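S.K.: Below are the chains, spelled out letter by letter.
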Amino acid sequence: MSSLSFEYQFFPVSHPAEGAGGKTGNWRVVKPIVSERCIACNACFLWCPEGTIQVRGKRAEVNYEYCKGCGVCANVCPVKAISMVSET
Amino acid sequence: MMKIMSGNEAVALAVKFSRVGVVGIYPITPQTTIIEELAEMRARGEIDTDIVRVESEHSAMGVTLGAAVAGTRAFTATSSQGLLYMHEMIWWTAGSRAPVVMVVATRAVGAPWNIWNENTDFMSERDSGWIMSFASSPQEALDLTLQAFRISEDPRVFVPMMVGMDGFILSHTKTNVYVPSQEDVDQFIPPRRQPYVIDPETQESMGNIFQPVHYMKLRQSINDAIQGSIDVIKEVGREYEKVNPLSDYKTLNVQYKLEDADYAIVTMGAWSLDAMEAIDKLREKGVKVGLYRIRYIRPWAEQEIRRSLEDKRAILVFDRATSLGRAGPLYLEMKATLQSPMKGVIAGLGGVSMSKKDFYEVISNFIEEVKFGNPNKVEWYYPGEVKYVELGTPRSAY
Ligand code: SF4
Ligand code: SF4
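Here the protein sequences come in this chain order: A and B.
Numbering follows the UniProt record's numbering, with no gaps: position 75 of the first sequence is 75.
Numbering follows the UniProt record's numbering, with no gaps: position 146 of the second sequence is 146.
Partial list, derived from the structure: chain B residues whose beta carbon lies under 7 Å from chain A: (1) Tyr196; (2) Pro200; (3) Gly207; (4) Asn208; (5) Ser221; (6) Asp224.
Footprint (simulated), chain B over chain A, 3 or more residues, beta carbon under 8 Å: (7) 8-15; (8) 38-46.
Each pair of labels, with its calculated beta carbon distance range: (9) A/Val79 x B/Gly45: 37 to 43 Å; (10) B/Asn223 x A/Val30: 43 to 49 Å; (11) B/Arg307 x A/Lys23: 53 to 59 Å; (12) A/Cys41 x B/Met2: 53 to 59 Å; (13) B/Arg126 x A/Arg37: 49 to 55 Å; (14) B/Lys217 x A/Leu46: 24 to 30 Å; (15) A/Val79 x B/Leu332: 55 to 61 Å; (16) A/Lys58 x B/Lys217: 34 to 40 Å; (17) A/Arg37 x B/Lys217: 41 to 47 Å.
Simulated from the structure, these hints should not be mistaken for laboratory data.
Note that the structure is predicted; figures quoted are calculated from it, not measured.
The beta carbon of each residue, even a glycine, is placed where N, CA and C say it ideally should be.
Taking the hints into account, I'd like the entire structure generated from these sequences.
M.R.: Take a look at the structure:
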């Protein structure tokens, strides 16, 4: 192996975190609630456009600070574990 | 063991030896027989590679990228319009820093339709962030494909790699090829290494939106990895001698009768051998001329090129590609590297053949030009049989 340094190596990998659009204001009308039917399949994590869902342990968890209430998670959940509940 | 085979067969064999996990396949002339060969190997049970038939080249590169980030050694091949159709995914693969290997059997790009050889398709991917080598024989196509997996999966690199070869001239012409043994290749190519693996368990994802500062940093990291790969390529080349004892890959590019030459000819690909024959003839007449063959377009071996060519009186660059409205891409690269008097010749587009006689003619004319004035210019060269062809449209629009 030569003495090349690895300092330049940088990869386009990211972990789910708050959406780039920032915190959600008071305009959200519905929010997702995850029930215990959740089988931790990761589908909602994969599809949430805001990256606000993480599956920790046996259940998906939503970060409501950033969730925009779009309902994508509820629609992709294969066991219908997520219901969209009115906030008003 | 020596065997008679075409460039495409040689590449398929290299893919087999490299124990590739996934191949995205889509046929396009003149690359088709690579993937046909692989499919037949799979049917005969010689490989257990997953062969994924896709609906387009865009998807072929998509499958290859997906397989690579999931942790598998992945390969695909294409040509011409197919390469251009892949263009977006080629950038995604480079931007993802995913080690992937692709072979491009070069061919002209339409319109109008032309299935014959030209390097413009390959050269048009120069900015995409891949390491790009170009073979001059079926042997080199096999060797470079094997080395490509080693190079692109090296932790100092982690950039995909393309191997080009002249369509039909190499892809379909059979010649003697030294075939290494599976054991030697296994020694040479370690199990796959890659920068990261996408796995739902770890909840990591790749290619999401990047803030401007991060984006620019990533761009530079790809640039630095490609430039830094020069050392890796030489190291891998030296080690490759254990796989193929007849090979010489100690340098990125290749010289022929250059040490004592006054004039240097620069070429890339299969026609370099015709140029070498012309050089032999000129040498017999006492003309001191030598050849410098470009084997790597990216990384561009700037130091190596300077060292080999800076003392030459004048340089003649042959391009089988165009950057329309400007000059040949190889000529532009050479111009940016050296101050010497330099002439560019664009020839052999769309399958027009260049014989050793044609090379002899162009090189002799060039040497006359150098003696009697300024050779700096770009010329489109037409060999005898096409010199007097009139351009005509089949049916006039008026
Ligand atoms: S409602 Fe939309 S933003 Fe909120 S967690 Fe579900 S997918 Fe994400
Ligand atoms: S998609 Fe449904 S079942 Fe799967 S992790 Fe999300 S909430 Fe749970």
